[in-house]
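Model the full structure from these sequences, guided by the hints.
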Amino acid sequence: MKSTTASDWLIPTGLLVLSAVPVAAGGLRLAELAGGGPVLPDGERIGSAPVPVALHIVGVTVFSVLGAVQFAPRVRRRHRGWHRAAGRVLIPCGLVAALSGVWLALFLPRSAVDGDALVVLRVVVGAAMAAALVLGFVAVRRRDFARHRAWLIRGYAIGLGAGTQVVTQAVWVGSAGPLTVSGKTGALAAAWLINVLVAEWIIRRPAGAARRAAGARGVPVR
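1 is the number of the first residue of the sequence shown in full-length UniProt numbering; add one for each residue after it.
Don't take each hint at face value.
[Stated by the list, open to error] Simulated restraints on C-beta separations:
{"#": "1", "residue 1": "His79", "residue 2": "Phe107", "range": "33 to 43 Å"}
{"#": "2", "residue 1": "Gly35", "residue 2": "Pro206", "range": "48 to 58 Å"}
{"#": "3", "residue 1": "Gly81", "residue 2": "Phe107", "range": "36 to 46 Å"}
{"#": "4", "residue 1": "Arg141", "residue 2": "Ser175", "range": "39 to 49 Å"}
{"#": "5", "residue 1": "Trp82", "residue 2": "Leu28", "range": "28 to 38 Å"}
{"#": "6", "residue 1": "Pro109", "residue 2": "Arg143", "range": "44 to 54 Å"}
{"#": "7", "residue 1": "Val113", "residue 2": "Leu193", "range": "14 to 24 Å"}
{"#": "8", "residue 1": "Leu106", "residue 2": "Gly177", "range": "27 to 37 Å"}
{"#": "9", "residue 1": "Ser182", "residue 2": "Pro109", "range": "17 to 27 Å"}
The set of hints was computed from the structure by calculation and includes no laboratory data.
Where a beta carbon is used, it is the ideal one built from N, C-alpha and C, also for glycine.
Quick look at the structure:
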């Protein structure tokens with residue numbers, strides 16, 4: 001029983017670990033915006049749009065943490081009310097994260113390594129994340145739980161891109177040196193691609209394997 005309980009939390013724990021660096025950085029950035037001393041680089045540029053930045057950080061943080069817990073089969077199976085209540089928070093926070101991300105991509109002053117291609121990529125990814133969440137909500141209202149699950153997994157994978165980007169940017173810096181315009185674009189694109197491919201693998205794997213791994217079917221958000 002204990003081993004089963006532990007295995008139920010392997011994926012959520014991994015997702016929380018992947019989220020840890022961007023969530024921690026977001027917390028430090030919020031402290032700066034609230035009047036604390038500078039801690040992270042590029043503070044003046046980020047601070048030029050405090051409200052959208054704060055909305056983005058809060059949205060991403062709540063979305064990442066609640067979304068990770070939704071991957072725990074025991075929570076979905078035994079705490080269905082919590083699963084639905086969390087979904088009512090998760091989807092709006094995800095939309096705030098996605099749409100504020102699009103706004104920041106278009107209107108926040110660029111850093112020295114933010115090129116046109118990266119702006120386009122961020123806008124496309126933000127729009128795709130928002131669309132996935134809306135489609136997931138529409139699916140559950142129609143009681144189409146399979147599509148609900150698929151679209152929410154896609155939306156979460158995109159939203160968790162910042163965590164994977166920590167890894168891909170570190171790989172670039174370790175192998176090629178400081179980030180360049182093309183290097184940053186490639187590193188961020190690779191992170192989102194990795195997440196989307198993993199999401200599609202989870203969605204499309206045989207139902208029997210999914211049941212054995214998850215231990216239970218997901219419960220809809222109402």
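Quick rundown of the hints versus the structure:
no., hint, result
1, His79 / Phe107: 33 to 43 Å, "holds (40 Å)"
2, Gly35 / Pro206: 48 to 58 Å, "holds (53 Å)"
3, Gly81 / Phe107: 36 to 46 Å, "holds (40 Å)"
4, Arg141 / Ser175: 39 to 49 Å, "holds (46 Å)"
5, Trp82 / Leu28: 28 to 38 Å, "holds (30 Å)"
6, Pro109 / Arg143: 44 to 54 Å, "holds (46 Å)"
7, Val113 / Leu193: 14 to 24 Å, "holds (19 Å)"
8, Leu106 / Gly177: 27 to 37 Å, "holds (29 Å)"
9, Ser182 / Pro109: 17 to 27 Å, "holds (20 Å)"
This entry satisfies every hint, going by the numbered hints stated previously.
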